[in-house]
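Trainee: Chains as they are written, first to last, in my numbering: chain A, 1 to 113; chain B, 114 to 228.
Be a bit skeptical, because a hint or two may be false.
[Unchecked claim] Here are the computed lysine-lysine pairs in the DSBU-like style, where the Cα-Cα straight-line distance is at most 30 Å:
(1) K183/B to K42/A
(2) K42/A to K184/B
(3) K45/A to K170/B
(4) K42/A to K170/B
Keep in mind that the hints were calculated from the coordinates and are not lab data.
Below, each chain spelled out in residue letters.
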Amino acid sequence: RKEVEQDPGPFNVPEGATVAFNCTYSNSASQSFFWYRQDCRKEPKLLMSVYSSGNEDGRFTAQLNRASQYISLLIRDSKLSDSATYLCVVNRRGGTGGFKTIFGAGTRLFVKA
Amino acid sequence: NAGVTQTPKFRVLKTGQSMTLLCAQDMNHEYMYWYRQDPGMGLRLIHYSVGEGTTAKGEVPDGYNVSRLKKQNFLLGLESAAPSQTSVYFCASNFLATTSTDTQYFGPGTRLTVL
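Turn these sequences into a full structure, and let the hints steer you where they fit.
Mentor: This is the structure we're talking about:
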């Protein structure tokens, strides 16, 4: 079982739809959580951090449930430009005392006109 | 401020050939990483470095070597390329990773094909 698991996708949605991405993590020592976006043939880029209180950035809402070890990303009123792969990312303590970053495999989103 | 850059962007090798991928960052980051990304596998850590002169193995280090002679550069070497090393390679960096909220900045990637 992977340490960070995401919906395999892909998701195909029409413009204007609301789409939800789910992610679970298995290591209870995980401390920080993020969503990255990766466009086709490009590098991953930070989309937003995820806080226990939930956080919103325009049409994007991220939530964290530590008890269930579950992270979500909601995109409202989806646009064609939202088409990308969304990566769930977790930071936890590593063996050397620093932090390790674990990436989920990603969920591909296609938004259609 | 260029961020993280990688050279080359594309490369085709024959089995058994060697090559070096160069990563450079101008953000004074301590930590640097090399990942490979294959379809359905996500990003897998090859090697990483916590500072100039130091390197450590990641999840999939076999067949690769690295060096960090200067803080701003992190080199990934393939001594004898194999078709299984066909992949997209990403370099990343961040500040001293002692805070869990520190995020990584990625380079644009190198697409490598081994025939």
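Trainee: If a hint holds in the structure, say so; if it does not, say that too.
Mentor: Verification of the supplied hints:
no. : hint            : result
1   : K183/B to K42/A : 26 Å, holds
2   : K42/A to K184/B : 25 Å, holds
3   : K45/A to K170/B : 24 Å, holds
4   : K42/A to K170/B : 25 Å, holds
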